[in-house]
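Asks: Relying on the hints, combine the two individually framed chains into one complex.
Below, each chain spelled out in residue letters.
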Amino acid sequence: MDAAEALLLARTQFGLNIAFHILFPSLTIGLAWFLVYFRLRYERTHDAAWLATYKLWIKVFALSFAMGVVSGIVMSFQFGTNWPGFMNRVGNIAGPLLAYEVLTAFFLEATFLGVMLFGMNRVPGWLHIFSTVMVAVGTSLSAFWILALNSWMQTPVGHVVVDGQLIAGDWIEVIFNPSFPYRFMHMMLASGLTASFAIAGLSAWRLLKAPGDASAMKTLRAGVLVAAVLAPVQIFIGDLHGLNTLQHQPAKIAAIEGIWKTEKGAPLVLFAVPNEQQRRNDYAIEIPKGAALVLKHDADAELRGLDEFEPDRPPVAPLFYGFRLMVGIGMGMLALAWFGAWRLRRGAPPRALLWTFAAFTFSGWIATLAGWIVTEVGRQPWLVTGVLRTADAVGHISGAQLGASLTGYVLTYSLMLLAYFVVLTHMAGKGAVTEVRK
Amino acid sequence: MNLDLAVVFAVLMGVSILAYVVLDGYDLGVGMLMPAATPTEQDLMVASIGPFWDANETWLVLGIGLLLVAFPRAHGVVLGELYLPVAAMLIGLMLRGVAFEFRIKAEGWHAELWNWLFWFGSFLASLAQGFMLGRYITGFEDGVGYWLFALLVGASVCGGYVLLGATWLVLRTEGELQHKARAWARWGLLWVALGVALVSLATPLASETVRDKWFDFPRTLGLMLLPAASLAAGMWLWRSLRPEVADWQPFAGAVAIYVLAFLGLAYSIFPYVVVDRMTIWDAASHDSALRFMFWGAVIVLPFIAGYTVFAYRVFRGKVRGALYK
Numbered sequence: 001m002d003a004a005e006a007l008l009l010a011r012t013q014f015g016l017n018i019a020f021h022i023l024f025p026s027l028t029i030g031l032a033w034f035l036v037y038f039r040l041r042y043e044r045t046h047d048a049a050w051l052a053t054y055k056l057w058i059k060v061f062a063l064s065f066a067m068g069v070v071s072g073i074v075m076s077f078q079f080g081t082n083w084p085g086f087m088n089r090v091g092n093i094a095g096p097l098l099a100y101e102v103l104t105a106f107f108l109e110a111t112f113l114g115v116m117l118f119g120m121n122r123v124p125g126w127l128h129i130f131s132t133v134m135v136a137v138g139t140s141l142s143a144f145w146i147l148a149l150n151s152w153m154q155t156p157v158g159h160v161v162v163d164g165q166l167i168a169g170d171w172i173e174v175i176f177n178p179s180f181p182y183r184f185m186h187m188m189l190a191s192g193l194t195a196s197f198a199i200a201g202l203s204a205w206r207l208l209k210a211p212g213d214a215s216a217m218k219t220l221r222a223g224v225l226v227a228a229v230l231a232p233v234q235i236f237i238g239d240l241h242g243l244n245t246l247q248h249q250p251a252k253i254a255a256i257e258g259i260w261k262t263e264k265g266a267p268l269v270l271f272a273v274p275n276e277q278q279r280r281n282d283y284a285i286e287i288p289k290g291a292a293l294v295l296k297h298d299a300d301a302e303l304r305g306l307d308e309f310e311p312d313r314p315p316v317a318p319l320f321y322g323f324r325l326m327v328g329i330g331m332g333m334l335a336l337a338w339f340g341a342w343r344l345r346r347g348a349p350p351r352a353l354l355w356t357f358a359a360f361t362f363s364g365w366i367a368t369l370a371g372w373i374v375t376e377v378g379r380q381p382w383l384v385t386g387v388l389r390t391a392d393a394v395g396h397i398s399g400a401q402l403g404a405s406l407t408g409y410v411l412t413y414s415l416m417l418l419a420y421f422v423v424l425t426h427m428a429g430k431g432a433v434t435e436v437r438k
Numbered sequence: 001m002n003l004d005l006a007v008v009f010a011v012l013m014g015v016s017i018l019a020y021v022v023l024d025g026y027d028l029g030v031g032m033l034m035p036a037a038t039p040t041e042q043d044l045m046v047a048s049i050g051p052f053w054d055a056n057e058t059w060l061v062l063g064i065g066l067l068l069v070a071f072p073r074a075h076g077v078v079l080g081e082l083y084l085p086v087a088a089m090l091i092g093l094m095l096r097g098v099a100f101e102f103r104i105k106a107e108g109w110h111a112e113l114w115n116w117l118f119w120f121g122s123f124l125a126s127l128a129q130g131f132m133l134g135r136y137i138t139g140f141e142d143g144v145g146y147w148l149f150a151l152l153v154g155a156s157v158c159g160g161y162v163l164l165g166a167t168w169l170v171l172r173t174e175g176e177l178q179h180k181a182r183a184w185a186r187w188g189l190l191w192v193a194l195g196v197a198l199v200s201l202a203t204p205l206a207s208e209t210v211r212d213k214w215f216d217f218p219r220t221l222g223l224m225l226l227p228a229a230s231l232a233a234g235m236w237l238w239r240s241l242r243p244e245v246a247d248w249q250p251f252a253g254a255v256a257i258y259v260l261a262f263l264g265l266a267y268s269i270f271p272y273v274v275v276d277r278m279t280i281w282d283a284a285s286h287d288s289a290l291r292f293m294f295w296g297a298v299i300v301l302p303f304i305a306g307y308t309v310f311a312y313r314v315f316r317g318k319v320r321g322a323l324y325k
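Protein chains in written order, with this note's numbering: chain A, 1 to 438; chain B, 1 to 325.
Be careful, since some hints might not be right.
[Claimed, not checked] Heads up, incomplete: computed chain A residues facing chain B, CB under 8 Å, no partners named:
hint, residue
1, LEU63
2, LEU268
3, VAL269
4, GLY395
[Unchecked claim] Chain B stretches covered by chain A per the calculated footprint, using a threshold of three residues with CB under 8 Å from any CB of chain A:
hint, region
5, 165-178
6, 291-305
Worth flagging that the hints you see were computed from the coordinates, not collected in a lab.
Remember, predicted model here, so these are calculated numbers, not experimental data.
Backbone N, C-alpha and C fix where the C-beta goes; we use that ideal spot for every residue, glycine too.
Next up, chain B with everything else stripped away, as it sits in the complex (with noise of 0.2 Å):
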């Protein structure tokens, strides 16, 4: 077999880096809007995450897991580099992972403290992800510059966590509630747009190779199609963002903008998996295992697929009520 497992398994840590992204993105953009809702509310907003943040949350394991053991070179140089924002984020999704279940079997005050670490824990996780992936696109440089670049990174991506839990709770919320997240949908659109255009000028500013990768015409034409086309679906996404418009409109507008930024980006890096230090062949695992791997995704990822569609199929249409209740 003459496949390119590198290429292989750096498509496939893509994928479950994107689906996680997409995934648990709106799960923390929920969280991170907790604090502007009515507590009745909040419960409707917790209920329509229930019951996926869970496998959600897998995603990140694989995507991981797969740089774990496709490149495990790699590995050791990113989350070496960025072990503090890593803590940073792990506590953040501990927080939030539990207080899922804590905010509900609490009582009185520990309740209010464990909504309130619900908030905390999506917002620091967000925060902690967009810094690493800043930190990530320019090879890890040290400066103020490029602290400044992460931290901006850092606040586009919760900009951007917030448009996609406010989409979905458009598509599975109603009345006043849904009022609200089209409302909430604007602003993280907005915020995100923002995001979106200082990090587009700093990269290439930041980076000489994603600058080279951009920046060469004719090629340069043609990859215009990019944020061309990002520039149609957010303005589709505002435009959707109307009571008469279907309610699966915007969630799917987010995606896409989300679908396409990662294409940019991973048009920007490949075929690194570290900035301008080390390739995704430097990086691999022996043939032997990435092989015994791949013939194991080959078969398990289409019923992952299955019965990912089963629970989301289960638990379609608008949430009524509080989890448990």
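Okay, chain A solo, but in the shape it has when bound (with noise of 0.2 Å):
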């Protein structure tokens, strides 16, 4: 096997492993608060269906949480296993920062989550309160270091090399890199977007079923209108962090603008069938000078093309198709978030609408999947950004370890995400059990 096939072998089952995990804390982050929300309006209002809304959504909560550590554990083993050169040259400045992770996040959302979910009649009220804020504190922190490990390795600042090994010179510096706020705010806010949109669809795929429902009619109309609120903000912070891509890392953008040579008044590329061969977009529908409009503010702004960054740029396709997915998925979250707020205050949905959002339960994943995928392989070929390459930082692992372990994980996933739908899908349908107090 040479040396391309093996870097191909880890990246699929690095990829795969990461773009399976994400799905679940990508959920259970925005979750968390909803669950804080839930628990404040039993405890407000004591009217029995906001409780019997919180249980049943804590045990959603538990299954993806659930889903979201173990497959945590993997990622945690891999980054060794696949990606030792990563460790040797930049180790000094990743481990502390997922060492961070575990310190302040993962005990605290682990622990406080078996109080949350079992110990509700065994402490006092308040302190079930605080409980249910701490593992929502928890998923928030770890999405903090984690993102910052990325961000830095989009827009690595802050450190100083010695004898070939990256050091932090500045830890502040590391942390809040040039990236980090924006990718940390899109993030958290596509994770509310993902769980409002989990909680409305699920909610609507219940009232499909059992119409009148007062706990899926609370939980429904909480999950439209907190999507109503965050979508536009949303699409705020993502034009914000396309800028800021613009100015730290331009080849990504040229990658998802389909922009292959520099040129004056770029147009907006809408849709296109990228072609890395000739380097040219076929059958494209374009606005004219409409990239330079939206990127620089200015139509006959340059904008910099794939051509400059020859060979140091990463594939087209994937982050092209990629953004685009994203953006749609964004687009129509918002249409329909608006639309459905607006109908809600006019009384009980229509069913069309209802499978509206059913059809959108989980749109949240595929939109930050599409996400993830433009920002990682949009940083190719690099795995730290004009530090370390992705080919110099694969393993020694034999091709046959590799595809034997990596059969293992494709089956057990699969087993999971079966059984999580089934599951999710069964428990929705259901729906909350009011329980009747005698």
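Replies: Here it is in structure tokens:
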């Protein structure tokens, strides 16, 4: 097996794992704050429907959280096994950030999760609320550290090189690197939207089966209203994130926009089939000067094309399509959330609207995955921009071992994902069970 | 500051791994005992570990994380050598972890399947962990004898976890299930005794480094306190497996055996992080990284200890119902 194949296998395995993993945190980070809200509503109203709501959604949370935890543990091993060059060269920066994630976030969320799930009758109300808040804080803190590391890999600053190894010069600079605030906000909002649409979608599913379910009506409304607020904010932050990327990783933007050659007044390519061999876009539908206008706010501004970055540039197709998929879903979310919020004010939602929300249940996952593919593939061929190439970080695990473990992981993930969907739709279909007080 | 940070982190890593082995050990042991129990008892057994397993597993992430971040060079060697057993362990842990949720929420044969996978995942993870320990002690030497040795350690670790799981159940359950748990604990203890005896005999044969450390008179005489204490803990544990003895004693005895075995192992290996190949100082990260993590750990670990104690206090006492009931 040659080096290119080993690299491909290592990337496939890691990419599969990280893509599987991100599904669950992207849901639970947002869902954790919804749980805080549900719990507080119950505390204030003592309405049994809110309690039932809370009890249903902590089960969804527990299930999703467990999926995230177990696939996250796999990642903590694969950092080292698949990318030993990464740890050798930048371990002095990546390591402490990961260690802080474990120390400040993982233990916090994992420990209070037990109290949140099973301790409601064992601790006073305020302590149970506190535990629910701690779980939410833990999940968000975890996102903080991992996005600090990822953003540093995209836009590394604050380090010095000593004997071929990078060490941190200034930790504040490392953590709050130029792309971090945007990526962190973008991901937190993505998680909020993922959770909102999952809640709205599963509640709509329940309402299709049992019209008039009080709990599902409450959660549908909560999901739709939060989505209606977050969706426009996300589009605004996403735009800022794009401008930040243009400044720090122009090759990524060139690939996203399909700009092959540096030009003045580049058009905005709405859709096309990028042609890597000929280095042009086939079947392009364009808005003249659109890209220059959007990215530089000046119709005649010059945008750097991919030709300037050869050969160190990312492949175009995954970024080009991934970006359009993400933005398309984002726009769809905005439209649906606003229409839904308006329609819900006027009374019981029609079945067609419920079906649409049910169809959008996992829209957040698709948009989040597409976005991560854009940002991660967009960093290639670098693992750490300008510092370490992905090809130089790969390990020496034999193809047979990689292949065998990859097969095992694929089978396990398939089983888990299948079971997850079955159980989730089953739970949502049954709905929240309101306990009658005796 | 003249603290030897490599030693500090070696100790931290060791403590994390010990914490993992004891804490998730009882989870995995309970998982392996599932087929021996009735469905009602199974629900109680899972309920006894349900609130804790997630935090328990986090110690593995911390331990392996410290290996990765404090001793990156060793991480590459160790996990490269152990690639397949690590993958097997991870698959086991994944199946076990999600089975907690699925076995309750699934229905019909799906629930049966997840019950089975709960057992299988626990067993696979335990066996793989023991196997890895066996490979690690012998410095990853190749040869049929070394592989058999690793399998032997794997089987012993399964027995050890069954002991931990059973004594945990003595502590957390009552009535018929507790009665059964005492019997399981006796079997587990016998299994452990056999395993420890074989491993103690085989390790000096398999590793010259270990042999030299232990058989060096007169130091050997002092060192013999360790096996003597282990024997005493084992006997104390055996005697505590009676209804009239306090329910916490068997678990405490099992933990004592683990701590003693861990000390023996640590003594055998130190200062190597990869036996005969790499010391902790060869493998350590840059001081700047270690110092940054050190202060984080000093500040955060007391909090972790605090809320861990809190969680155990919340769920103290006997379990009387299934999770979510």
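Asks: Give a verdict on every hint.
Replies: For each hint, the structure was consulted:
1. LEU63: holds, 4 Å
2. LEU268: violated, 44 Å
3. VAL269: violated, 41 Å
4. GLY395: holds, 6 Å
5. 165-178: violated (count 0)
6. 291-305: Holds, because 7 residues of the region 291-305 of chain B bring their Cβ atoms closer than 8 Å to Cβ atoms of chain A.
Hint check: violations occur at hints 2, 3, 5; the rest are consistent with the structure.
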